[in-house]
Every structure is written in C-alpha cells, then in structure tokens.
Amino acid sequence: KQEVTQIPAALSVPEGENLVLNCSFTDSAIYNLQWFRQDPGKGLTSLLLIQSSQREQTSGRLNASLDKSSGRSTLYIAASQPGDSATYLCAVCNIGAGSYQLTFGKGTKLSVIP
Amino acid sequence: NAGVMQNPRHLVRRRGQEARLRCSPMKGHSHVYWYRQLPEEGLKFMVYLQKENIIDESGMPKERFSAEFPKEGPSILRIQQVVRGDSAAYFCASSPLEAGTGELFFGEGSRLTVL
Numbered sequence: 001k002q003e004v005t006q007i008p009a010a011l012s013v014p015e016g017e018n019l020v021l022n023c024s025f026t027d028s029a030i031y032n033l034q035w036f037r038q039d040p041g042k043g044l045t046s047l048l049l050i051q052s053s054q055r056e057q058t059s060g061r062l063n064a065s066l067d068k069s070s071g072r073s074t075l076y077i078a079a080s081q082p083g084d085s086a087t088y089l090c091a092v093c094n095i096g097a098g099s100y101q102l103t104f105g106k107g108t109k110l111s112v113i114p
Numbered sequence: 115n116a117g118v119m120q121n122p123r124h125l126v127r128r129r130g131q132e133a134r135l136r137c138s139p140m141k142g143h144s145h146v147y148w149y150r151q152l153p154e155e156g157l158k159f160m161v162y163l164q165k166e167n168i169i170d171e172s173g174m175p176k177e178r179f180s181a182e183f184p185k186e187g188p189s190i191l192r193i194q195q196v197v198r199g200d201s202a203a204y205f206c207a208s209s210p211l212e213a214g215t216g217e218l219f220f221g222e223g224s225r226l227t228v229l
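Protein chains in written order, with this note's numbering: chain A, 1 to 114; chain B, 115 to 229.
With the rest of the complex left out, here is chain A (with noise of 0.2 Å):
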C-alpha cells in the first residue's frame, strides 16, 4: 500500500527566501507525482507533474525533483513571496487494479512572512 509523507507539516519563512518542501513515498513503482496547491477553503491547483521517466519540472520559480530510486521527490520555490502562503500537497500515482489512483500526503503549510 502507497504511503507518501510530507516533511514538514509547516514552515514559516521571511519574504525572499528559497525553501525546499519534502514528499516521500514508500513504493517507487510509480506512474508520476504531482505537486497541488490548496488554499484555504479552495481546491486544488495542479503545480507541477513529473513522469516517472522524467527526473525533475519547472515552472516559473517553482522546479520539482523526482528520485524514484529512493521514493523522494522535493519541490523547490525560489524568491518566497507571501501570495505563496499556501498549502502543498504531494501526490504521486500508482496503476492499481483497473485505475489510476493519486496518493496524497497530508501536506506542508507555508507561511511567506512579508
């Protein structure tokens, strides 16, 4: 059974900074992994989404990194700004019976500190 871990549960950081958000995964047979972001009241906002094939994704001040080897993919932000306040949600993919079934983690709460 999948089970993917997010460390921290939540982080603070002054405005400007870079910061390094964790998800592992404890079965490397995956399909992809993507990186939401959820608001407050909101849904989900799909980040970024890295084929297992693949070894990491930008966008913007955003790059994801994917090691399946060792069931562990970051998602890196640079120049923190406050409208990042948010959420984060790592979710990676499995084929199971029949489907394709996301996995989520629990999530890390940023606050970007103006």
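Don't take every hint at face value.
Claimed, not checked - Between beta-carbon pairs, the in silico distance windows are:
1. B:Ala116 to A:Ser53: 30 to 38 Å
2. A:Ser52 to B:Lys176: 28 to 36 Å
3. B:Met140 to A:Ser52: 18 to 26 Å
4. B:Ser172 to A:Ala10: 45 to 53 Å
5. B:Asn167 to A:Ala79: 41 to 49 Å
6. A:Gly60 to B:Pro210: 39 to 47 Å
7. B:Gln164 to A:Ser53: 21 to 29 Å
Derived by calculation from the structure, the hints in this document are not laboratory data. Glycine residues also receive a C-beta, built at the ideal position from the N, C-alpha and C atoms.
Starting from the known structure of chain A, fit chain B onto it as the hints suggest.
Only chain B this time, still in chain A's reference frame:
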C-alpha cells in the same frame, strides 16, 4: 473553458438525511474521480468513473455511499443517512485520459457539515 464545477460548495445536513454532491468535469473530459478530505487528513481516493461506468470504487465505503456518471449530466456522489463522521470536503477531479497519462484537474470542493 470552464474548470471542474462542483455544487453545492457548502451543504449542511442533519444526521439521517441524504446529501447529493454534483460534479461537472471540464469540457472534453470523460473521466471523473471523487476524493474525500477529512479534517487534518490527506485526500483519500473514493471512486473513479467514466461515462455510465464505475471503474474503481475501492475507496468508497460499502454502505450509504454511491456514485454515478450518467450519459447526460453531471456526476453525482450520494450519501444516504449521513452521520457526523461524513463531515468533510469532497473533491471531484477530471481528466481527458487515465490519470497516469495526464494531470488531474480538481474542482473547488463541496464541504459537507453534518449536524
């Protein structure tokens, strides 16, 4: 192109009542997924549907919960005889292909409160 639309956004029910949550996938998407987010918990998979077919309902409680995605109209997640433990945010997601070949796009969620 509108995103995944869920309604209602907020729903309050008393114990024993029924809750119906609706989800319209993005235009052109024929795959729908329902996830539940309990307080302080991660999102958990419930069910995966294609038009008129339930593909995988392994995450759905065996009793009181049902889901459908008819040929016409939105997908419906139905919870009968709700209990307090059903209070959660229910998220719908859609994709044009199986999840493993593309992204999932999530709606804003329906937040159910059971009194």
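CB of B:Met140 to CB of A:Ser52, is that within 18 to 26 Å? Once the Cβ atoms are compared, 24 Å apart, the range 18 to 26 Å for A:Ser52 and B:Met140 holds.
Does the beta carbon distance between B:Gln164 and A:Ser53 stay inside 21 to 29 Å, or does it fall outside? Taking Cβ atoms as reference, B:Gln164 and A:Ser53 lie about 26 Å apart, which means the hint holds.
Beta-carbon spacing of B:Asn167 to A:Ala79 - inside the hinted bounds 41 to 49 Å or not: holds (46 Å)
Within 28 to 36 Å: is that where the Cβ-Cβ distance between A:Ser52 and B:Lys176 falls? holds (32 Å)
Within 45 to 53 Å or not, the Cβ separation of B:Ser172 and A:Ala10? 31 Å Cβ-Cβ, so the 45 to 53 Å window is violated.
If you check the beta carbons of B:Ala116 and A:Ser53, does the distance land in 30 to 38 Å? Given about 32 Å between the Cβ atoms, the range holds.
Taking the CB of A:Gly60 and the CB of B:Pro210, does the distance hold inside 39 to 47 Å? The hinted range 39 to 47 Å is violated for A:Gly60 and B:Pro210, with Cβ atoms some 24 Å apart.
The structure is inconsistent with the numbered hints 4 and 6, although it conforms to all the rest.
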